[in-house]
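Asker: Given next are the chains, with one letter for each unit.
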Amino acid sequence: MNAGVGLIVWIILYPLVAFSLGVLLGGYGRKFTARVQRRVGPSWIQPFYDVIKLMGKRTNISHGYMHDVSIILLLGGTVMTLYFVPVPGYHFFGQFGDFIVVMYLILIPSLGMALGVGQTANPNGSIGISRALQMLAGYELTFMLAFIGLAMKHHTTSMYDVILAQQTGGIATWSIVTDPLLGIAALFALQGMLNEKPFEVIMAPHEIATGPMTEMGGKYLGMMFIQHLILLVMELTFFINLFLGGALNWFEYIIKLFAVFTVVLSVNAVYGRFRTDTALRFFWKLPLPLAALGVLGIQFLAK
Amino acid sequence: MAEKLLTQRNAWDRVLSSLKKRSLWMLHYCTGCGAIELPPTMTARYDMERFGIMPMVTPRQADILLITGYLSVKTLKRVILIYEQMQSPKYVVGFGSCTINGGMYWNSYSTIKSLDQYLPVELFLAGCMPRPEAIIAGFNALMDKIDQGKANSWEDYYKNYEFYRKNQQHAFGDIETHHDIPSDGAYFGILEADK
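Protein chains in written order, with the numbering used here: chain A, 1 to 303; chain B, 1001 to 1195.
Honestly, the hints are just simulated from the structure, not real lab data.
Some hints here could point you the wrong way.
As the list claims (entries may be wrong) - Straight-line alpha carbon distances no greater than 25 angstroms define the calculated DMTMM-like cross-link-like pairs of lysine to aspartate or glutamate that follow: (1) A:Lys219 x B:Asp1116; (2) A:Lys256 x A:Asp161; (3) A:Lys219 x B:Glu1192; (4) B:Lys1159 x B:Asp1116.
What the hints assert, rightly or not - Per label pair, the in silico range of CB-to-CB distance: (5) B:Asn1167 x A:Leu136: 46 to 54 angstroms; (6) B:Val1015 x A:Trp284: 19 to 27 angstroms; (7) A:Tyr65 x B:Glu1133: 22 to 30 angstroms; (8) B:Asp1013 x A:Phe251: 34 to 42 angstroms; (9) B:Asn1101 x A:Ala259: 53 to 61 angstroms; (10) A:Leu13 x B:Arg1050: 31 to 39 angstroms; (11) B:Leu1081 x A:Leu296: 32 to 40 angstroms; (12) A:Asn249 x B:Arg1009: 30 to 38 angstroms; (13) B:Asp1147 x A:Leu16: 21 to 29 angstroms; (14) B:Ser1114 x A:Asp68: 55 to 63 angstroms; (15) B:Arg1045 x A:Tyr271: 20 to 28 angstroms; (16) B:Gly1173 x A:Ile12: 38 to 46 angstroms.
Positions of the beta carbon are idealized from the N, C-alpha and C atoms, including for glycine.
The following block holds chain A by itself, in its conformation from the complex (with noise of 0.2 angstroms):
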């Protein structure tokens, strides 16, 4: 029974908890980076004004019936990928679908952005999604590669059960420690899934006007912003439970999570954007390779 309720609430409370960090997340982000630059930089919450200020506005122009359905597409497939993935306190959906599920139904966002921006009819945005497809053959290979190393190792595909795998020794059983091949190279991956400089092809501001993002404002651009928040927090989630042994309470999940975006945001601060085609050549000379090399070592090193 108690069990039950507890589930109910964590089902309810897990989006608005996502949400939550991601604020914070987002907000730590942008003064990160002024202060980088050595500005005073925007308010700690300046992500949860810009998505009250989006909802608030009156008109929404909206250009046809798959606009407004990809972008509930959009939220709603990302929600339904947080609930597969394990947190401190929560493990529920992750009994009955492991890693590969999660990324499978993690392409139900990028589908529904395809969809919407393919009816908005905006030349940048097409650019934008194009790029974002070339970009998963980069960023995704190389995740999923390092996933296989894990997988190979602990002889199971459930994100859970690395986690578990990780926490019998402290910090020693950590993947990142045992195959430290696999944790750089899902690292750069990382960079990629966040979208951050020098992988900040998709959006591009300076170049093709945020890509997908152009034709949306108002409560469409709102929903896409709560959407790239809960978004981030989930993909760093990725990279602390495969690599970090996940958390045991929510305090040291939540230091992983700043630990891990603070080394992305390092990176980001100081690196310029590539062009699309050396991005994927980037990640197939050296992170693709790297993540094969560590799955080679298991492979054949392993006793």
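With the hints as your guide, set chain B onto chain A.
Answerer: Frame of chain A; chain B shown alone:
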């Protein structure tokens, strides 16, 4: 009754507007010379982002349309197209004396003299050109107006569309824009208060 509905603000509206003023995205239309004052306003010295004001790249996402300096009749046409694409509430900020009375281009045959004949201007920043301090002070005044619920000149474009349309047509003949302003206003309930 209608007048009362417009001016009446409950506690929830007050909270919302005090949150909304903290996030203003700015689309700057920089064909005039005033654009040179914006980089110092945005970067480390004056840092506009601490008020939540930041540049945005597309009209759909922006809240502020910053017109820096003179507008020729030809560029005014583009500005009107851009303005109509923005989502309300939206604020036009006239930057520099050229947008107020023509400034040093008063005698020119190809520029417009007063921006508020063609678009509802929320705020003018006087000066030729205004320094970053003046820009920041102006934006703070805009934030105060939003906080008090007085930044409503965008509604004027829906309500007095004939006036603006007539002036626009006088400047460059008939133009076709992508938005039907009166029906947009009716659809989103902005014109309802008149009934």
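Asker: Would you mind marking each hint as holding or not holding in the structure?
Answerer: Structure-based check of each hint:
1. Between Lys219 (chain A) and Asp1116 (chain B) the alpha-carbon distance is near 28 angstroms, which puts this suggested pair outside the 25 angstroms criterion.
2. Between Lys256 (chain A) and Asp161 (chain A), the direct Cα distance comes to roughly 19 angstroms. Compliance with the 25 angstroms bound is thereby established for this hinted pair.
3. Proximity of Lys219 (chain A) to Glu1192 (chain B) is assessed by CA-CA distance (about 21 angstroms); at most 25 angstroms being required, the pair is judged to hold.
4. Restraint check for Lys1159 (chain B) and Asp1116 (chain B): the C-alpha separation of about 15 angstroms stays at or below 25 angstroms, so the hint holds.
5. A beta carbon spacing of about 50 angstroms between Asn1167 (chain B) and Leu136 (chain A) agrees with the range 46 to 54 angstroms that was offered as a hint.
6. Separation of Val1015 (chain B) from Trp284 (chain A) is about 51 angstroms and departs from the stated range, judged on CB atoms against 19 to 27 angstroms.
7. At about 49 angstroms, the CB distance of Tyr65 (chain A) to Glu1133 (chain B) disagrees with the hint of 22 to 30 angstroms.
8. Hint check: Asp1013 (chain B) to Phe251 (chain A), Cβ distance near 38 angstroms, so the stated range 34 to 42 angstroms holds.
9. For Asn1101 (chain B) paired with Ala259 (chain A), a C-beta distance near 56 angstroms keeps the hint of 53 to 61 angstroms intact.
10. Hint check: Leu13 (chain A) to Arg1050 (chain B), Cβ distance near 32 angstroms, so the stated range 31 to 39 angstroms holds.
11. Roughly 58 angstroms separates the CB atoms of Leu1081 (chain B) and Leu296 (chain A), a value that falls outside the hinted 32 to 40 angstroms.
12. The given range of 30 to 38 angstroms is broken by Asn249 (chain A) and Arg1009 (chain B), whose C-beta atoms sit roughly 44 angstroms from each other.
13. Distance hint for Asp1147 (chain B) and Leu16 (chain A): a CB-CB separation of about 27 angstroms, consistent with the stated range 21 to 29 angstroms.
14. Checking the proposed 55 to 63 angstroms range against Ser1114 (chain B) and Asp68 (chain A) shows it is violated: the Cβ atoms sit about 40 angstroms from each other.
15. Checked against the given bound of 20 to 28 angstroms, the beta carbons of Arg1045 (chain B) and Tyr271 (chain A), roughly 24 angstroms apart, stay inside it.
16. Between Gly1173 (chain B) and Ile12 (chain A) the beta carbon distance is about 58 angstroms. The supplied range of 38 to 46 angstroms is therefore violated.
Going down the numbered hints, you'll see the structure goes against 1, 6, 7, 11, 12, 14, 16, while the others check out.
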